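Q: Here is how the chains run, residue by residue.
There are 2 protein chains.
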Amino acid sequence: MENFEFFNSTRILFGRATENKIGEILKKDRIKKVVFVYGKESIKKIGLYERVVKALKDNGIEFVEHSGVKPNPVLSHTREGIEKAKAEKVDAILAVGGGSVIDEGKTIAVGAKSKKDVWRFFKRQDEIKGALPVYTILTLAATGTEMNENAVITNEETKEKLSISSRYIYPRVSILNPELTFSVSATYQAYAAVDAIAHVIEYYFSGSYCPMIQNRFIEGLIKTVMDTTESILKEPYNYNARAEFMWAATLALNGLAKLGIKGGSFPNHMIAHALGGIYDLAHGACLSIVIPAWMKWYKDKNPAQFERFAREIFNKETADEGVSELKAWFKKIGAPVSLKDAGIEESHISKIVENAYNIAEVWQMNDVYTKEVLTEIIKNANY
Amino acid sequence: MENFEFFNSTRILFGRATENKIGEILKKDRIKKVVFVYGKESIKKIGLYERVVKALKDNGIEFVEHSGVKPNPVLSHTREGIEKAKAEKVDAILAVGGGSVIDEGKTIAVGAKSKKDVWRFFKRQDEIKGALPVYTILTLAATGTEMNENAVITNEETKEKLSISSRYIYPRVSILNPELTFSVSATYQAYAAVDAIAHVIEYYFSGSYCPMIQNRFIEGLIKTVMDTTESILKEPYNYNARAEFMWAATLALNGLAKLGIKGGSFPNHMIAHALGGIYDLAHGACLSIVIPAWMKWYKDKNPAQFERFAREIFNKETADEGVSELKAWFKKIGAPVSLKDAGIEESHISKIVENAYNIAEVWQMNDVYTKEVLTEIIKNANY
Numbered sequence: 001m002e003n004f005e006f007f008n009s010t011r012i013l014f015g016r017a018t019e020n021k022i023g024e025i026l027k028k029d030r031i032k033k034v035v036f037v038y039g040k041e042s043i044k045k046i047g048l049y050e051r052v053v054k055a056l057k058d059n060g061i062e063f064v065e066h067s068g069v070k071p072n073p074v075l076s077h078t079r080e081g082i083e084k085a086k087a088e089k090v091d092a093i094l095a096v097g098g099g100s101v102i103d104e105g106k107t108i109a110v111g112a113k114s115k116k117d118v119w120r121f122f123k124r125q126d127e128i129k130g131a132l133p134v135y136t137i138l139t140l141a142a143t144g145t146e147m148n149e150n151a152v153i154t155n156e157e158t159k160e161k162l163s164i165s166s167r168y169i170y171p172r173v174s175i176l177n178p179e180l181t182f183s184v185s186a187t188y189q190a191y192a193a194v195d196a197i198a199h200v201i202e203y204y205f206s207g208s209y210c211p212m213i214q215n216r217f218i219e220g221l222i223k224t225v226m227d228t229t230e231s232i233l234k235e236p237y238n239y240n241a242r243a244e245f246m247w248a249a250t251l252a253l254n255g256l257a258k259l260g261i262k263g264g265s266f267p268n269h270m271i272a273h274a275l276g277g278i279y280d281l282a283h284g285a286c287l288s289i290v291i292p293a294w295m296k297w298y299k300d301k302n303p304a305q306f307e308r309f310a311r312e313i314f315n316k317e318t319a320d321e322g323v324s325e326l327k328a329w330f331k332k333i334g335a336p337v338s339l340k341d342a343g344i345e346e347s348h349i350s351k352i353v354e355n356a357y358n359i360a361e362v363w364q365m366n367d368v369y370t371k372e373v374l375t376e377i378i379k380n381a382n383y
Numbered sequence: 384m385e386n387f388e389f390f391n392s393t394r395i396l397f398g399r400a401t402e403n404k405i406g407e408i409l410k411k412d413r414i415k416k417v418v419f420v421y422g423k424e425s426i427k428k429i430g431l432y433e434r435v436v437k438a439l440k441d442n443g444i445e446f447v448e449h450s451g452v453k454p455n456p457v458l459s460h461t462r463e464g465i466e467k468a469k470a471e472k473v474d475a476i477l478a479v480g481g482g483s484v485i486d487e488g489k490t491i492a493v494g495a496k497s498k499k500d501v502w503r504f505f506k507r508q509d510e511i512k513g514a515l516p517v518y519t520i521l522t523l524a525a526t527g528t529e530m531n532e533n534a535v536i537t538n539e540e541t542k543e544k545l546s547i548s549s550r551y552i553y554p555r556v557s558i559l560n561p562e563l564t565f566s567v568s569a570t571y572q573a574y575a576a577v578d579a580i581a582h583v584i585e586y587y588f589s590g591s592y593c594p595m596i597q598n599r600f601i602e603g604l605i606k607t608v609m610d611t612t613e614s615i616l617k618e619p620y621n622y623n624a625r626a627e628f629m630w631a632a633t634l635a636l637n638g639l640a641k642l643g644i645k646g647g648s649f650p651n652h653m654i655a656h657a658l659g660g661i662y663d664l665a666h667g668a669c670l671s672i673v674i675p676a677w678m679k680w681y682k683d684k685n686p687a688q689f690e691r692f693a694r695e696i697f698n699k700e701t702a703d704e705g706v707s708e709l710k711a712w713f714k715k716i717g718a719p720v721s722l723k724d725a726g727i728e729e730s731h732i733s734k735i736v737e738n739a740y741n742i743a744e745v746w747q748m749n750d751v752y753t754k755e756v757l758t759e760i761i762k763n764a765n766y
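From first to last, the protein sequence lines are chains A and B.
Numbering-wise (my numbering), the first sequence opens with residue 1 and increments by one.
Numbering-wise (my numbering), the second sequence opens with residue 384 and increments by one.
By construction, these hints were calculated from the structure, which means they are not laboratory data.
From a predicted model like this one, the values you see are computed outputs, not experimental measurements.
Cβ pair distances, simulated, as ranges:
#1 Glu5(A) to Asn386(B): 28 to 34 angstroms
#2 Asp703(B) to Asn3(A): 41 to 47 angstroms
#3 Lys33(A) to Lys645(B): 37 to 43 angstroms
#4 Glu5(A) to Gly646(B): 33 to 39 angstroms
#5 Glu618(B) to Asn3(A): 17 to 23 angstroms
Derived lysine to any residue pairs resembling SDA-like cross-links, with alpha carbons at most 20 angstroms apart:
#6 Lys645(B) to Leu13(A)
#7 Lys679(B) to Gly590(B)
#8 Lys223(A) to Tyr592(B)
#9 Lys21(A) to Asn386(B)
#10 Lys606(B) to Arg308(A)
#11 Lys411(B) to Ser9(A)
Here are a few chain A residues that face chain B, going by a calculated C-beta distance under 8 angstroms:
#12 Ile213
#13 Phe217
#14 Ala243
Glycine residues also receive a C-beta, built at the ideal position from the N, C-alpha and C atoms.
Produce the complete structure using the sequences and hints provided.
A: See below:
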């Protein structure tokens with residue numbers, strides 16, 4: 001088992017009606033004014049917007065709205081949020097939405113405390129030295145951002161999709177009410193399931209040693225994600241299925257699942273970000289295209305773990321069966337598993353490779369993920 | 384899934400040589416002087432005492448020693464520690480040892496910040512309003528206290544073994560180096576395994592609803608505890624086995640394993656504390672006597688979960704088989720499974736019942752755990 005450090009400073013409030021506490025929580029933390037970040041109409045449709053506004057007003061919390069966050073949140077809109085936060089001298093960010101809204105909220109929190117252009121932190125040209133406190137109310141369980149130190153933003157000018165990671169952007173409090181995810185569509189539930197699975201299998205497969213305690217933890221999360229997704233697709237209002245899925249997605253990327261694993265990395269996310277930077281494709285859809293293609297390329301490099309995966313998750317014997325079962329399951333729940341499924345032409349492969357290589361350089365993974373390797377992997381997804 | 388709140392403020396440093404960082408850590412946190420709490424000679428035998436002293440001196444941290452903590456830490460010795468902490472005006476507690484040392488350290492941290500007698504907090508006559516920060520270096524993985532908000536102390540005059548629970552006593556930093564547990568004896572490893580299993584099965588069995596995500600998490604921890612204990616008993620210097628056991632024991636009681644479970648309680652610990660308050664028996668030994676006896680009494684109240692346990696852990700079909708397999712495993716690793724094994728005579732049963740009922744009253748569990756019920760359970764352990 002590798003040495004590790006673990007600290008997660010996010011407080012989770014989980015369950016029914018917890019979002020109504022947001023006003024009291026902010027007041028107790030002596031927050032006077034927030035930027036209220038959200039997407040489009042969905043939080044209004046489910047009545048959440050009104051409940052949040054009421055909770056804020058009842059507790060005397062002022063707020064400036066910053067709406068219109070896109071599914072792949074973009075830099076220009078984030079910069080507008082930073083300007084608002086600075087101009088209005090807010091004490092905190094309140095992000096109400098899915099992973100995109102929270103990631104934009106985290107980035108606004110960083111930008112608001114810095115005189116530097118926020119993109120410099122994504123390019124790793126400067127170190128993050130602070131952030132406003134971030135509070136979240138989650139409406140789409142998938143990315144795990146509600147309990148971690150990461151945020152992903154797309155620079156729409158340069159087509160770069162990059163991430164930041166800093167202890168300052170653990171949300172101070174995240175509110176997880178599974179009922180708020182009842183309205184998540186079947187398509188987005190499928191993408192969310194792919195994303196949660198992707199988060200735990202990256203280290204599980206790419207690490208050169210994975211402790212048994214982590215194998216079991218990760219396999220338990222994968223089984224939970226799969227079972228609950230099937231239940232949710234049949235019964236969207238199944239509270240326990242929504243709740244278990246929500247908590248599984250949080251645990252999948254709150255830092256616990258990678259502890260002690262030797263030498264893991266995030267290759268599937270790297271390539272998926274390259275796709276997401278170019279095409280207006282949901283992150284989960286990018287991942288369901290990339291994962292089977294990456295697995296096909298990687299499986300012989302860690303055969304014992306791929307066989308274990310096949311056995312524990314699908315009750316199959318061979319690595320190949322494990323890979324094809326996972327791909328079939330992605331397809332079954334409605335996620336794309338090829339470039340063709342997403343309407344991307346073969347002629348685009350070199351462009352995707354270029355973009356993926358660019359991220360590989362920033363992430364310092366270009367020693368393994370050369371353009372040749374990336375081409376091979378992305379070609380695996382071309383059918 | 385039940386509503387829950389989760390927050391764990393302990394930072395974990397895990398791995399080889401991490402104890403050498405204690406001086407830097409304290410210095411960075413601006414700690415000037417600590418009470419250095421430990422047990423007897425064992426930390427000197429493994430050279431840990433010297434390394435800690437060096438790390439403190441190298442970083443200019445003053446310290447007052449408070450040694451001689453007993454395996455079931457007692458109130459009188461804890462009060463002496465509190466007096467030292469007050470007289471010497473320390474800023475923090477450094478506890479180096481197993482669960483007993485850390486629990487006494489946490490209690491000193493509470494007592495040092497209060498004008499009230501510390502036992503009042505255990506009797507739940509007063510609320511804990513603060514504590515000195517606690518830093519720990521763990522030398523026996525078992526109780527989980529290194530990453531939770533609990534402490535257990537025995538009042539040797541009244542024979543009461545009671546606990547406190549407060550957010551102020553999460554250790555600020557806990558250092559877990561599995562190598563420091565190489566010298567843990569086979570007997571204590573067995574007790575530690577029983578304790579870690581006990582922590583996760585209390586809610587798993589006694590809750591009226593256990594989410595699948597928790598079933599899988601808990602079963603993964605139990606399997607890890609069992610597999611690694613068997614490896615450790617054969618090869619005490621197996622680093623990965625010690626490491627996985629250590630992390631499993633921490634996860635077993637850091638708050639995660641109970642989230643979302645409906646209506647669980649800690650009956651086995653309640654009765655084990657009654658035994659531990661009267662007899663000089665290790666906590667794990669008390670638990671290995673109590674658990675099979677409690678299971679025998681309880682299994683028909685939650686048959687599906689007991690059948691699941693038998694199937695998932697032992698690949699058996701019936702609840703009875705699960706119970707007897709667990710008992711056989713406790714026996715196999717060298718833990719006592721009856722009052723007779725511990726040399727306790729049948730005539731003592733009523734005394735144990737009285738003591739257990741006393742705790743049941745403090746824990747407000749005496750509605751279910753009447754003297755009749757406690758007698759039935761403890762009689763199950765009498766053979």
